[in-house]
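Participant: Now for the letters of each chain:
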Amino acid sequence: MPQLIKYLLLLICLGFGIVSASSDYSEQLLLRPLHPSSLLASFNFQSNASWESFEQQNFRYFPRSLGQILQFANTRELHLRFSLGRWDAENWGARPWGGAREGGTGVELWAWVEADTDEEADGRWLTLTNALSGLFCASLNFIDSTRTTRPVMSFQPSNDHSNATLANLHLLHGTLPREVVCTENLTPFLKLLPCKGKAGISSLLDGHKLFDASWQSMSIDVRPICPEGPGDCQIQITQTIDMVLDIQRSKRPRDNPIPRPVPEHELRCDTTKPYHSGDTCYPLDIAQDENWSMTEIFGHAMKGSCPLMDEGATPVCINVPHARDVFTSGGAVERKDESGFMRCFELAAEQDFEVVLPSQDLPERAPLEQPLLYAERSFTGYGQERGGVQAILTNPSTTEAVDFVYMESLPWFMKVYLHTLKAKINGVDGDVIQEMYYRPAQDRKRGTQLEIRMRIPQNSTVVLNYDFEKAILRYTEYPPDANRGFDIAAAVITIGNVSIRTTSLLLSLPTPDFSMPYNVIILTSTVMALAFGMVFNLLVRRFVGADEAEQWDIRAIRLRLLAQLRTIIGRFKKEQKVVKTE
Amino acid sequence: MALNNQDASSPTAMREPGEDSTASVHLDADAPKGAVVAATKRKEPPPETLGSIHLRTTVILSFWAIIVFFGLPLWWQTTAIYRADLPLDEMMDWDKGVACRPVFPLRISIEASSLQEHEAQHLLRTTQHALDDLNDFSAHHLRLQLAQPANASTAADGSTTGGLEDEVALTIKVLPGPEQASELQSYSPVLDIYYTPNQVPSSSSSSSPLATYIANQLRTIFAEEQAMIAHLLSTSSAPPERSPKAPPPEVAEALAKWTSRSMKYSPTYHLTFSLFTPTATPSSWDIETAIEEHMKPLLDTLSSISNFTIDTQVQLYASPGVSGALLKKEDLSGFINAAEWPLSPSIGGAPTINFILYAGDMEVEGGGRSWLIPQWGGVVVQANVTDLRPTMLIFSNQLLALLGAPEAGSLPLRLMTLIRVRSAGLLLKASGTLGSLARLTRALPSISIPQSVAEGVYTTIEHLRKACDGLGGKEALRNARIAEEAAEKAFFEKSMVGQVYFPDEHKVAVYLPLLGPIGVPLVMGLLKDFKAWKKRRSAI
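Top line first, the protein sequences correspond to chains A and B.
Under full-length UniProt numbering, read the first sequence as residues 1 to 582, first letter to last.
Under full-length UniProt numbering, read the second sequence as residues 1 to 540, first letter to last.
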């Protein structure tokens, strides 16, 4: 826990400390090598605008397109997330920014909208999602009432809303777990930045690298801040991009990306293995001492620093032990901090900046923070009708219990049986649920919302179980590629300021054959025609003895047809003869 | 199904024995023995009772009765497309320009306090004559009147009241002076005419140099407006005899340019002022005060026509779509880097007019530093952004041009012309939309027409009528705007589009499986019974 606090403090220094600085714009890149052979790159861009200029729509660092949308939709606070991949908490430790800057797989959006009534809030939410959908080239307009929830315990607004505003704020939350985040979302994201990817750390962002990452998350947060008290308020926009890059994969040349075996002379073998010999090798884990450079990882060097920042700002930091060799290009000033694991660089304005970390054997590693909670979630059950959800939540701490809120927002076609909700602690039924908020689904109108406040004692594992029934959808409600299944949004776990999201799930529903309507028409018609034909014939036909009935002799018909054919042929021949005689 | 073979009511079963024998005789010629034997072995069924024949007929007829009197209407009802009644002829009339004859009667008040009453009357008459002789365009008509003495005092100090402004397009003040001259006041619609004492017309002469002079002056002032309206009418589908003679080519070209560059009319416009910097500096500009000082007064004046909302932005590292320090004329269209510059239109629904200040060192070939992009906005290239006054003046001129105001004349006159031209344009546009809707309705019989479309059409016609009656005033502009909105809404009604693309193949696929198997026994039953009935009749 002390480690965690230290880490959080560090983040606060990096992320929020610059708020009090005089400049209205700041940016920061933190590079942190992760085990095994990965690199976490955290980009953070922050700018402030005075509330008056925002109201008058005089935009300088705050992006105009986003500002207009927020004003038009009366949105006072906005959080938008685009995420891809899975954070490997076992190997990578705690999440960057305490998980506060990430969302579930796909797109996640929550906002505090100012409105007098719920209906008005819904209308403005619709405006907001539609406008953002256009701005970010994402399907945000598909966040309709079935995907929108109003969380009660999980999210809290910023502290700096005025009391009058706070009374009319409505929190709305929507997710699109199916959305595939890609380059078309990054381009509008970069356009919002004052330096636009032309200078500063944003020049390192490249769709090819970002969406090749093992895990990535883009976030936009807009919130009011009042550093000097309620009279002097500002609006703050924070944009972050976090990505975990596979160093080996990134170093492959772009024109030849096929992985190849390491040449024999570069192979480092574990010589302690009994089978080690000239032709057998157990490769050593070389991750920690991986050599890499900015150019290799991001494709090119950084194009100077963004000149909008304060003098003396340090836009690039690397979280490695002080003993590690770090070489930089000229003009950069290195600043090491006291913790022993962090160094930052002050850059020259117009000069390209390059960082090279050579291969090095070091016993020491930058400490990895342990997450407060490990969470995983999966489906149980079998068949096309019944299913279940199991969430395994582990508190790794040996000393402290952990209090948190577990939130699920499920689609309406997952019909949850709440009475089956069971929590087992370390394998036995236990009373860990303290409070629960449940809003049942309504078919085709809204989804299930479930928020559970729990407390897990130290060193314990809680298994949360509940069953659900799969609804059968209407023909037109299936998406294209219906057999792939339906993505179920990630569960959100909120522990104070820290948040954790589980992976999203893939639910397969009974899928019809999509030529069904026509088959149904044909079958029904046939049955109806059969029934009708029988009844009709019974009514209009006359019944006579078997010997009195007209005989249908197939031979007679054949003979008659043959005779007719012969007469026709005969006539034809005769005509021909006539022609010849003429 | 074996019952089918015992069908007694079939026409062949009802054949007379004689007929049967002819058939067998015919067959005898080439058929083997067995077949003939089988045919002759058949025993005739006992004759049917009249009751059972009637019963069968009744059954068949009742089935058909149900189908015709219940099935068909039900099918008709359930598959009918709702088509609200539209006044198609009236709509076409509007489109053809038959329903409304756009006339712009402009009242011009003459204020001649220095002249005697009868002299003034005479001047009025002769000037009106001279005007009528000069005017070849009946839709745009200048009517002179003498100013009321009460109004004269208010007009004298140059500030006309609002009510008067609505009525009178221009006030002419006839003043004695050292020599003949005319002066258009800049900030009020007043034309000062100076005359020398010997020019006062004698009551006997039918024309006077002063009257001709005034008429010529008036004509010069309103020439541009007249040309604009004439151009609008000639490009609409109005009958050609209404339009005046074609303007000279250079005027026609100017008018075509004017049409292509002016924005679509809207009650609200959104103005976006953007500073684009190719590098990191300058990163700020003093836009708030510049707008407050140089833009707000103009916008306040324009508020009688449209409202304006404003936003501003600064964008760094913005490279234009073309490179090089000297911009060629053909480069200008590519200057705006639409892919990278964040110039998305405002989301409020009001059309956005963009004004761009590019803080780079560039010059247009031939010396200019600013240009106008039709229906979009204006661009100024200026490296130094400390003094925004010249830029704002350029932007003001560009705004007026984009709104479609005429180029010459004093500001109040230009604005009033703008109102008249805009209402004429909206009127013609709404009429054209009505015509298109009528043609669409006629061309696509399978399209559904919801009630809301009919309501929109009636609203449009009502407001068009009002606008047409009062053309020239602000009320007409308001009515024309409502009409145009209603017409567009009716034309682009969403539910009308869906039905058009429902192909006939689908209908066949849905109907055939049911109607085929049911229809065949029904029709065959009816035919057989009909034949049997005919046979019975011929037998009697």
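Some hints could be false.
[To be verified] Quick list of the computed label-pair ranges, beta carbon to beta carbon:
1. A/Ser-145 with B/Gly-334: 14 to 20 Å
2. B/Pro-450 with A/Gln-156: 56 to 62 Å
3. A/Asn-159 with B/Gly-360: 40 to 46 Å
4. A/Asp-429 with B/Ala-509: 41 to 47 Å
5. A/Pro-479 with B/Val-103: 39 to 45 Å
6. B/Pro-450 with A/Gln-564: 38 to 44 Å
7. A/Gln-576 with B/Pro-46: 27 to 33 Å
8. B/Lys-489 with A/Thr-183: 44 to 50 Å
9. B/Ala-509 with A/Glu-55: 34 to 40 Å
10. A/Glu-55 with B/Pro-450: 49 to 55 Å
[Stated by the list, open to error] Sample of chain B residues with no beta-carbon within 12 Å of chain A, all distances over it, derived:
11. Ile-53
12. Pro-178
13. Ser-284
14. Gly-366
15. Lys-534
[Stated by the list, open to error] Straight-line C-alpha distance at most 35 Å; calculated DSBU-like pairs for lysine-lysine:
16. A/Lys-191 with B/Lys-296
17. B/Lys-507 with A/Lys-191
18. B/Lys-507 with A/Lys-445
19. B/Lys-296 with A/Lys-415
20. B/Lys-507 with A/Lys-196
Treat the hints as calculated values from the structure; they're not laboratory data.
Note that the Cβ used here is the ideal one computed from N, Cα and C, for glycine as well.
Participant: All hints, please: hold or fail.
Facilitator: Hints, verified against the model:
Range check, A/Ser-145 to B/Gly-334: Cβ separation about 45 Å, and the 14 to 20 Å hint is violated. The hinted window of 56 to 62 Å between B/Pro-450 and A/Gln-156 is violated, with their beta carbons roughly 47 Å apart. Between A/Asn-159 and B/Gly-360 the beta carbons are some 43 Å apart, a value that agrees with the proposed interval 40 to 46 Å. A hinted range of 41 to 47 Å for the beta carbons of A/Asp-429 and B/Ala-509 is inconsistent with their spacing of about 58 Å.
Distance hint check for A/Pro-479 and B/Val-103: the Cβ-Cβ separation is about 59 Å, which falls outside the suggested range of 39 to 45 Å. As the Cβ distance of B/Pro-450 to A/Gln-564 is approximately 60 Å, the hint placing it in 38 to 44 Å is violated. A beta carbon spacing of about 52 Å between A/Gln-576 and B/Pro-46 contradicts the range 27 to 33 Å that was offered as a hint. Taking the beta carbon of each, B/Lys-489 and A/Thr-183 are about 38 Å apart, not inside 44 to 50 Å as hinted.
Hint check: B/Ala-509 to A/Glu-55, Cβ distance near 59 Å, so the stated range 34 to 40 Å is violated. Here the CB-CB span from A/Glu-55 to B/Pro-450 is close to 41 Å, at odds with the stated 49 to 55 Å. For B/Ile-53, the condition that its CB be more than 12 Å from all CB atoms of chain A is violated, with the nearest at approximately 9 Å. Against the 12 Å criterion, B/Pro-178 stays outside the reach of chain A, whose nearest CB is about 53 Å from its own CB.
Here B/Ser-284 does not stay apart from chain A, with its beta-carbon only about 6 Å from theirs, under the 12 Å limit. No Cβ of chain A comes within 12 Å of the Cβ of B/Gly-366; the nearest lies about 31 Å off, and the non-interface call holds. At roughly 17 Å from the closest C-beta of chain A, the C-beta of B/Lys-534 stays outside 12 Å, upholding its exclusion from the interface. The hinted pair formed by A/Lys-191 and B/Lys-296 meets the criterion: a straight-line CA distance of about 30 Å does not exceed 35 Å.
Restraint check for B/Lys-507 and A/Lys-191: the C-alpha separation of about 50 Å exceeds 35 Å, so the hint is violated. Taken as a hint, the B/Lys-507 and A/Lys-445 pair is honoured in the structure, with Cα atoms around 32 Å apart against an allowance of 35 Å. With a C-alpha separation of about 59 Å, the suggested pairing of B/Lys-296 with A/Lys-415 is violated against the 35 Å cut-off. Pair hint B/Lys-507 plus A/Lys-196 does not hold up; C-alpha atoms about 55 Å apart against a cutoff of 35 Å.
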